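S.K.: Numbering-wise (UniProt numbering), the sequence shown opens with residue 1 and increments by one.
No wet-lab data here; the hints were simulated from the structure.
Because the structure is a prediction, the values reported are computed rather than measured.
Just so you know, not all the hints are guaranteed correct.
Straight-line Cα separation of at most 25 Å, SDA-like style, residue types lysine to any residue; simulated pairs [what the hints assert, rightly or not]:
1) K540 to N568
2) K805 to I678
3) K68 to S43
4) K447 to T396
5) K287 to K334
6) K516 to L628
7) K334 to E398
8) K501 to G542
9) K566 to P582
10) K330 to T396
11) K685 to P632
12) K549 to I455
13) K577 to L651
14) K516 to K577
15) K68 to L42
16) K133 to K245
17) K805 to N695
18) K588 to Q547
19) K608 to L573
20) K549 to P611
21) K944 to D881
22) K330 to N431
23) K441 to E398
24) K441 to N431
25) K748 to L651
26) K577 to Q536
27) K549 to L651
28) K629 to L573
29) K577 to I587
30) K245 to N80
31) K566 to Q547
32) K334 to R359
33) K540 to L562
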Amino acid sequence: NNVDRCKQLFDVTLRLLSSVQPPETATGSVLLQCFAQLPLDLSPIIEITSDHQTENNNLYWLIEHVRKRLEQEINFARVNLLNASAQGPMYGCLSGINALLSLFISEKSKTVNIDQWRLLFGNLILHGLDIAKITGPIVSASAPEGMFPMELTDCKNYLYFVGLVPMFDFIFIVSDNLNENDESSNVTSQMLLVCCWRTIKEISLLFSKIAQIGIPYIENEHNWLYVNIEQTQTICNYFMEQLLKSRHCGAFELAYQGFLIVCERLWSSMCPSLCQLPVEWIEDGLKMVQENSLYKDKLCLTRRSGGLPFYLQSILTNEPLTDNVQQQRKYVGKLMETLIEIIDNDSDTIGDDQQENSRKIHAYNTLRSFYRNTRFSNDVMPYVEQGLLISVRGFTSEIWMIRNCATLLLSAILLRIFGPARIKDDLSKKNSMTSREFFNKYPSLFKLFIEELNIGTSNPNESLSTRLFAILLILRRLYPSPLDGFDCTVTLDQLIPYVIKCQESPIFRIRENSSKALLGIIRRDLYGEAVSEQIQILSKHGRSIKQNKLHGALLQINGILLLMAKNNVDFTLTNMKDILEPLQWCIKENPCPLTQCCYLEFLYNLYKLHPNNNQLQTYLHQNTMHLLKSPPSPTRLAADQLTSVLTKVYLSIFNNENSELLFDYIKRTDTELSFVEILLQAPTKCLTLSVFQQNLIKYCCHMLTQMNLFNEQLYTSLCLLLSNINDEHYSPQEYAAVVYKIIHNMLKLRRTMSLSSSFTLIGKLLPLCTKTVNVEDVYARIFDYIDDDEEVDDELLCAILSLLKDAHGVLHSDSNYGMYCVDGTTDTVHTNGNEVSTVDCDLDLKCRRQWPSSDGYNNVFVSRNEDVDHYSLLYGDHLLDIIDQYLETYKDASSCLINDLHVYTQKVYDQSQELVGILRLAYEKLNYTNRSHIRLYLLIKYLKIMEKHGLCNTNVDMLVKTIPQYWLTKSLRNLLSLQ
């Protein structure tokens, strides 16, 4: 009702739309939507010149007003784009118009004066084209992103560069040099680029919305409502221009989203001429690719062919299905066949100067994009086999760009076949398949693999070795089938000799992948035979064997032994002493630390299969002692791997002896991280041997007090290790020194995991060094990371609450009362005449971050990360237990704190009712259950605690009765004392 305030708010909205900060323009767009939906008379706020004000709603007048403001910014940008990018970037007004058009689409407003809307849409299309002409050269320039285009050495030459001013007029308009006082001199290249690509983005969205509004109402050239056929074709031409000529990835990726909407409307259009446009475009696109008539001077080879793949995908995504059973499209299949034919038949180079074949590179990049796009997963499956063939063959090309494209194509096809990797270091069965299933799906690959493996292993040519790498990369994703040996359609045993022979390759990665590929094709009943044959070959060759072959053979043997131990396969090595004795030179007389490490690991894996073999234990003991006493290799080759194996061996066969040798070796080789990580994986009982535990604690304390923080990963691992093995009988002074060092170094840490491990270790050590640590420093460090204004990481918050629980006795001792208050508060309670700080309860309230919040999920009780439910339950329970203990001990709390608890309790009760209603509805309507069990448990536990201490004014039992019986989990029943 207050016109002045509305006008003031509208002026603020317009200023936000002209801001150079994208969040502010987004805010202005939302405010415009609010104005459009309010029942306001806009005539006092904006100028409405029409005589028929009632014929158009507020939506029209707002769009028209912002359009006029946009027109002013366009005129400003024509004169000086640099100043416009800093003072009047056009993307803000475009964003506001797009937000208003979204309301037009959702409300499907009935318009009375259709001519005004037609004129408005026509003006918006013309403005979009004008802006694209001004900003287009920036996003299509050959300069890298974030730099001024090389064509604009003098920024004011831009007018001539975009062709808006003839050369003979140009010299009279701009000066030779930039004026030092000119505001454009303060504009950075990034500001200019952001202005241009965001503007192109908003134009693409604007045109897509206009097409979304207008195309459904076009019947023919004469019958149309908002936009006509000519305007629609203009919009389509804009998108094709952007996709085929832009070089900024943000520009053509967002143009792809808009063109996708346009093509969707065109495929379903009632107008025959519009419905036929996508067919004509894709046929022209196929013709362009076949005849190599692409925009050679515009498409960028180094940016995955720029927008060409997006152009073809946007047209074909919504193509009607021709085969409803197999869910396949006609033109997608035709395009795939054309691209594969080009890659298969074209040479890698063209012309006398042997330049790279751009058509073949574009075909590779386009083909890869279709394999990656999940919308075409059914369409590309018939072409997976052919795609693998051409990608493997592309590895041997002499042109680097083609080899690179083939590598990327192979990666995309493997992702389509096996799915994304589930874990980082190794392959999961979830993204693998049996070798029998793979070769039954793609039978021609079996013959190709045999041919390529035969050629590659018989000829050590480097170009052929790259094909070996591609084949082994595929084979390592397979695993044996239970039907291997019974089904003779594909005899995988034919591949085994070739894969084993890859162990002789001079390329490390090929030897490594051959050991993993062998596990996917060898049958379980052949494990022992394969290991025995390999060991006998190594014993026969003796010292004359080449290091590459020795390394590859040991890798393959170790891989099979690990698989046998995992699957509990029995293995007996006859005449073990006669076979292993000739191989002892691999440790004592071997100059290569890599093969030393592999041989020691081989003995260790063999020992795990035969733990009672005294001969093996003797070999391991002798070789380990030899390596611990030997000087480290100056090359540091395989130093970390060797340390890992030595640590495993020591924990397995050494009994508290020679631990000093191990620690000295770790120090000499500088491999502390590998050593500590192996100890973290070891069972606790292996680390709690009296002498070794004391030496290990001493080592960790020394490292934590002396090390710098450049290696946060080592610091984190040391904290976790010391938290697991701390001993109450160890020196309290040493523990205090560690705690002091951690407290004063924590502000230098950057990783959340490092901070969490620091708080966890403080909680473990603080009760063991109570008289030598100032608890005020501990509180000070805690409050450095808990702030109401900032989001606290779940893992860090859990560690802080664990510290409060583990060190509860120290933090609540009489000598520590009243030392530190939150935010300088003076709220205190009095117990037995002692003044007590409310720090713990205040801290817990801060930890809750005003829980429950408006959405109910932005709080510590229920993490936004679904993978850390245990964190939610863990520190939720900790927090509630601490509040319960506090209220039980200090019943006469300050009135301010009691009032806060009353407010929090009422919020919890209200949200508990809301949550119960949501869960009931979700279960009854959708049979949907989720992680809200944890949240419901914590909500009710909080209410029960408050009710217990008389701080809950509502009846919790009434709330409990509304909970459906099928939601009462075991923990909830125990909490509510129900049977």
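S.K.: Against the structure, test the hints numbered earlier, and report the numbers of the ones violated in rising order.
M.R.: 1, 2, 6, 7, 9, 10, 11, 14, 17, 20, 22, 23, 25, 27, 28 and 31
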